[in-house]
Structure formats: structure tokens, C-alpha cells
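Asks: Top line first, the protein sequences correspond to chains X, S and R. Numbers 1 to 231, taken from the working numbering, label the letters of the first sequence in order. Numbers 232 to 361, taken from the working numbering, label the letters of the second sequence in order. Numbers 362 to 610, taken from the working numbering, label the letters of the third sequence in order.
Calculated directly from the structure, the hints in this document are not laboratory data. Remember, predicted model here, so these are calculated numbers, not experimental data. Hints may contain errors.
Unchecked claim - Computed cross-link-like contacts, DSBU-like style, restricted to lysine-lysine with a CA-CA straight-line distance of at most 35 Å:
1) X:K13 x R:K458
2) X:K16 x R:K438
3) R:K438 x R:K606
4) S:K356 x X:K2
5) S:K319 x X:K130
6) S:K272 x S:K356
7) X:K202 x R:K438
8) X:K2 x R:K438
9) X:K107 x R:K606
10) X:K107 x X:K16
11) X:K16 x X:K202
12) X:K130 x R:K605
13) R:K605 x X:K2
14) S:K272 x S:K241
15) X:K107 x R:K537
16) R:K438 x X:K107
17) R:K537 x R:K438
18) X:K107 x R:K605
19) S:K356 x S:K338
20) X:K13 x X:K202
21) X:K13 x R:K438
22) X:K2 x R:K537
23) S:K319 x S:K338
24) X:K13 x R:K606
25) R:K537 x R:K606
26) R:K606 x X:K202
27) X:K107 x S:K284
28) S:K319 x S:K284
Stated by the list, open to error - Simulated DEER-style distance windows between Cβ atoms:
29) X:R178 x S:E318: 44 to 50 Å
30) R:W583 x X:A21: 55 to 61 Å
31) X:G104 x R:L591: 56 to 62 Å
No residue lacks a Cβ here, since even glycine has one placed at the ideal position from N, Cα and C.
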Amino acid sequence: MKSAIHAANLTKKYGKRMALAGLDVDIPEHAVTAILGPNGAGKSTFMRMLTGLVSPDQGTLSILGQYPSWQLNASISYLPDRARWFESHRVEHAVEWGASLLPGFDKDRAWELVRALGLDAEMDVRGMSKGQEARLMLAICLARDVPLLVLDEPFSGIDMISREKIVAALIDSFSERRQTVLICTHEIAETESLFDYAVFMKDGRNAMSGHVEELRASRGSVQDIYRQLYS
Amino acid sequence: MNETTVGGMKFVLDLSQPLYEQVLAQVRSSIAKGEIALGEKIPSVREMAQGLKINPNTVMRAYQELERDQLTETRRGQGTFITTDSEKVRTIRYRLAEEAVDEFLAKLGSLGFTASEVAAILRSKGGEAR
Amino acid sequence: MMKSGTFNALYRHEFHMEFRRWLSRKGVWMYVGALVVLALAALTIWGGRGDFKPEYMLYATYAFPYLVFGISYRLVKREWSNGTYGWWLTLPFSRSKLMLAKYAASLAQAGLTLLVYFAAIVLLALYNAALHGTTAEGVRSFGAVAAQYLLVVAAIAPFMLSLGLLAGVLVRSRLKGISPLVWISFGVLGNALNWLNIARSADSNGDYEMSLFSSHSALAFWISFPVIWLLAALMLAGSVQICKKFMTL
């Protein structure tokens, strides 16, 4: 299994709180990996390190064979945690923004995604529901043909229809491209069938990780394992 | 664990067991049952993944296995089709039957039944076979 | 993708965001229209009085340095209040480029605002002159004074813009503690026009009261130009460093 991301002993402290306490993990290439765990397990901190938003206090992190940097972000499509879109945009402005600033952005694909996700060019971001905004942001992320896709809580707090549309868009994307995908989510029931690999984080460490189909054979569904680990 | 129908085939997936095995088994079963006819086109990897809401890689593994079994064939630019060879389907029907019998025998064996006891049960049930 | 091409795109995004935001507000045009009507009405009624000088319209510029600070400060603050900082800071551009784009965009916005304001009052002054009659000398002197005010605000603007960006990133960084210094600078230096006025009136008597310069303060002002701009550049560099290493995210 070739690693797209290799982390060894990643540590990050915020004041007295250890967000990451020596995280060791290898994320396989060209697979869909889920980063799971309760709030405070360190999932978002890890994801932020991938795009250079946060630097580790200790440890090594290599992504696609390189250190995190703004230059490497040209190869990473990142959906930030608790992100919103630019208020003053309409959907067409969002696509323009992506096309003019994001490497690998495919405008045609973006419009296809926008349509598939039930949005149209004239819609104002200001008037959008949370679900619609989430779909727009996902469209922008998926429209990029890059080696790594990192989605931090893409399903958080949005309605069921939006979630279903997003899952369908993800399946389409996985069918068409060989991409390494990292998803962090709490909606395990709806999404576990999408995962190739799973990393269960606890207290800033890797509590368990493995190929999901193997885990199913030995330990049960991802949801079952989650319950075993965290309750 | 709801039942879904994709391309005329019925699926019930249990997330606590490997999905690829289930998809494979259930497609084979559909073929054996004739739910899907010889030579008929089956959904593409993407369509199947969409219908079942699972990772396309999982579907791909199952499809590759089916192709190895020669139960399906992929024609470039056209898609994936069930074999037109009825012999292959017959083979798979009998293989599934054998697997079912093996399972049955193993279960009764674990309950402590001897071969002659099993035979007797089968004889008495024989008339009730549907 | 050409480097210059995408910096351009970044700049355009920053510039248009505020403008689009502003222009899309429902009441904007009515508000502007009402202001214009009020101004014209006021001039018509009181413009002819002996003690009214159109130069009085320039008093509004005393607030401009503060306004200019606000333009760049807001451009940074918005990334957090709108929840878009994640997109901004993970763009494949260096922190220098990101900050420079915000600087350029706020400079352009400030410049545009100044231009519109000064054009407006020149037109209002001409309207007043046409309505109430004034000498050519009167119009010329108005023009000269207006130019002075414009010059001073334009000279201070780069500094206030830098200060605004610095304040914007500082309040989101581990170095939050120094922000009082920034706010003090904001208060003191934003008052620039007033300081100049005081310097001028202390230095001379009987000079034209609206002029910002006496002979001595004018010289001091010209000398301070490069100093102001150097400080502006240093602060910009400082903001970039803060953005790179000290952000609390």
C-alpha cells in the first residue's frame, strides 16, 4: 500500500490542551479514507496541518512526498471545517473564483457539478440555506483535478437531501478519477459504504486504522467499531 | 440493510460484512435465478455504485471477479454484459447449490447429526421440496 | 498560469467583493441620491451667504484617515466574520501575495472613494459658484485648498492602509497583546489633518485659515513623506510575518 500521506509522532499543543499527542498514520494513495472520532480527537487539527494552516510542534508530516506548504496546496483541494462561502457571490462568481485562482479547476466540470447538486448560476449565496452552501462548496472542491481531496466535515449540519446529493456527487467523482480522498465526518451511517480505509482517532492519537473491508470481516461495521472504541 | 434494486437485480447489503463479497454473491445469485437474462447488459460500475450508494472500488472488485468467472464480459465502449453462454450460468447455479449444501451439511454436522441421520431427514423432507 | 495573471485574479476578487457587497445593498442608490439632493438644497439655501466658503465642505476629510484604515481592516476582518479564512489562507499563494493583494485592493478602493468625494465637492463648489456668483479667484483658491487636502489624505493613506491590515491580522494572532499600540497609532495618526492644522496656526497668523500648511509645516510634511511610506512598507512586511507564523487557527 503506497502512502499518499505519512505522519509520524505529530504533536500539537494549544495552551494546556494536546490536540495531537503523537499521531502516527499512513493514508493510502488513490483510496477514500475516513478520519473518525469524537470532537476533540484531533481530526480537524490533523487536516489543517495538511494544508499548512497549522504547523506541528513535533513530528514529521509528508504529503505526496513533500512537506506541507502553500505551493503544495496547488495539488490539494481542501474543504475547510465550518467554512462558509463568500457572501457577495452568486454561484457564477464562485465558479469564476475557482477558475481564476485554483489550479486544476475544470470549469465545465464545475458547471456539471453545480447542476447535479441542484444549484444554478444566478443563485445568491446570501440567500442560500446551509445545505445549498455546502453543496456549492463541495462543487468547487470536486471541480479540481488534483491528486488529493481533503473534506473536513462536508456533511455537518445539513439537510438529508443535500447530504444525499453530496454522496452521489462523491460517488461520481470517485468513479471518474483516481484521487486520494480524506474525509472527516460524524455521519458514519450514511457514509461508511464509501470508505476504503478508516482511521479512528482518540485523544490526538491513532487508536486504530485499517482497510474497511478487512475490518468488516474481522470486527463488523464501521459504526460497530466506532461504538466499541468510544463508548 | 434495506433492499435495493439496481439493473433488475435485488441487493440487500449488510455493513457488518465485507461489501464486495455480498455484491459478488448477490449478482451471481441474480444470474442464477434468471433475474437478469443471458446477454443482458448490467449497470456500469458507476451506476451500480450510485444505486447501492457504495464506493465504486468495491463494485469494481466484484465486477473483476465476475469477469474472471467468465459470467460477464466487458465490451469496449458498450459496457458490461452477462455471458450468452448458458453453460456458465448452469455452472454457477450448481455451484451456488453446492455451496448451500455444504453450508447445510456443516451446520447439521456441528449439531451432531450423522450422515445417515441427515439422509433420513432429507428423504422425509424430499416430498416437501418446493 | 502566469504569476502576474493570477495575482491579478486575486486582486480582482478582493476588490470586487467589497464593491459587489456595497452595490448590492438595497438602499445604496436611494441613500446616495438623498445625499446629493440634500447637498444641493443646502447650497442653494445657504450657499450665497457671505460667511460660507465652499472650502468648509472639506472638513469631512478630517475623518478620512480613519476611514481608510477601516477599509483595509475590514478586508481582513471579513475573512473571519464571514467564515472564509480557511479558503483564503489555503490558496496556493504565498502570504506576501495574499496580503499584497488585499493591500492593493484596499488602496484602489480608498483611491476611488477619495476621487469620488473630491470630484463631488468640486462639482458642488462649481454649482455654488454658478448659483451665487463668485470670482474666478475664489474658484482657484478653492481648487488649491482642495488639492492640499487631497494630497495630505493621499499621503497618509498608504500608512493607514498598512495599519489596518496589521490590525486585522494582529487581533487574530498570538501577538494580540500589542494591539493597543496599533489602536493608539490609529487614534493619533488618523488625526493627521488636525495636527497639521494646529502646526500651521501655531506657526503663523493671518494666513488663510483653511490652508493646512504654513511655510514651515509644509516642509516638514514633504520630508515625512518617505518616512510615512517606509513605515507603511515595514508594517506590511510585519503583517506578512504575523500571517505566516503567529496566527491562532
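Asks: Compare the structure with each hint and give your call.
Replies: Hints, verified against the model:
Distance check on the hinted pair: K13 (chain X) and K458 (chain R) sit about 29 Å apart at the alpha-carbon level, within 35 Å; holds. Proposed proximity of K16 (chain X) and K438 (chain R) is supported: the alpha carbons are some 27 Å apart, at most 35 Å. As the CA atoms of K438 (chain R) and K606 (chain R) are separated by approximately 18 Å, the hinted pair is consistent with the 35 Å bound. Annotation: proposed proximity of K356 (chain S) to K2 (chain X) is violated, straight-line Cα distance about 54 Å (limit 35 Å).
As the CA atoms of K319 (chain S) and K130 (chain X) are separated by approximately 52 Å, the hinted pair breaks the 35 Å bound. With a CA separation close to 39 Å, the supplied pair K272 (chain S) and K356 (chain S) exceeds the 35 Å bound. With a CA separation close to 34 Å, the supplied pair K202 (chain X) and K438 (chain R) stays within the 35 Å bound. Proposed proximity of K2 (chain X) and K438 (chain R) is contradicted: the alpha carbons are some 41 Å apart, above 35 Å.
At most 35 Å may separate the alpha-carbon atoms for a hinted pair to count; K107 (chain X) and K606 (chain R) meet this at roughly 34 Å. Straight-line distance between C-alpha atoms of K107 (chain X) and K16 (chain X) comes to about 45 Å, which puts the hinted pair past the 35 Å bound. A distance of roughly 17 Å separates the Cα atoms of K16 (chain X) and K202 (chain X); the hinted pair therefore holds under the 35 Å criterion. Taking the CA atoms of K130 (chain X) and K605 (chain R), the gap is near 31 Å; set against the 35 Å cutoff, the hint holds.
The hinted pair formed by K605 (chain R) and K2 (chain X) meets the criterion: a straight-line CA distance of about 32 Å does not exceed 35 Å. For a cut-off of 35 Å, the pair hint linking K272 (chain S) to K241 (chain S) stands: about 15 Å separates their Cα positions. Restraint check for K107 (chain X) and K537 (chain R): not satisfied, since their Cα atoms lie roughly 41 Å apart, outside the 35 Å limit. A hinted pair counts as satisfied when its Cα atoms are at most 35 Å apart, and K438 (chain R) with K107 (chain X) qualifies at roughly 30 Å.
Restraint check for K537 (chain R) and K438 (chain R): satisfied, since their Cα atoms lie roughly 14 Å apart, inside the 35 Å limit. Restraint check: the Cα-Cα separation between K107 (chain X) and K605 (chain R) comes to about 31 Å, which is no more than 35 Å; the hinted pair holds. Distance restraint check for K356 (chain S) and K338 (chain S): the Cα-Cα separation of roughly 17 Å lies within the 35 Å cut-off, and the hinted pair is therefore satisfied. In summary, the hint linking K13 (chain X) to K202 (chain X) is supported, as the alpha carbons are separated by about 15 Å, within the 35 Å threshold.
Distance check on the hinted pair: K13 (chain X) and K438 (chain R) sit about 26 Å apart at the alpha-carbon level, within 35 Å; holds. A distance of roughly 43 Å separates the Cα atoms of K2 (chain X) and K537 (chain R); the hinted pair therefore is violated under the 35 Å criterion. For a cut-off of 35 Å, the pair hint linking K319 (chain S) to K338 (chain S) stands: about 28 Å separates their Cα positions. Annotation: proposed proximity of K13 (chain X) to K606 (chain R) holds, straight-line Cα distance about 15 Å (limit 35 Å).
Between K537 (chain R) and K606 (chain R) the CA atoms are separated by roughly 13 Å; this keeps the pair inside 35 Å, and the hint holds. For the suggested pair K606 (chain R) and K202 (chain X), the alpha carbons sit about 28 Å apart, so the restraint of at most 35 Å is met. Between K107 (chain X) and K284 (chain S) the alpha-carbon distance is near 26 Å, which keeps this suggested pair within the 35 Å criterion. Between K319 (chain S) and K284 (chain S), the direct Cα distance comes to roughly 29 Å. Compliance with the 35 Å bound is thereby established for this hinted pair.
Roughly 37 Å separates the CB atoms of R178 (chain X) and E318 (chain S), a value that falls outside the hinted 44 to 50 Å. Distance hint check for W583 (chain R) and A21 (chain X): the Cβ-Cβ separation is about 59 Å, which falls inside the suggested range of 55 to 61 Å. For G104 (chain X) and L591 (chain R), the Cβ-Cβ distance of about 40 Å falls outside the hinted range of 56 to 62 Å, so the restraint is violated.
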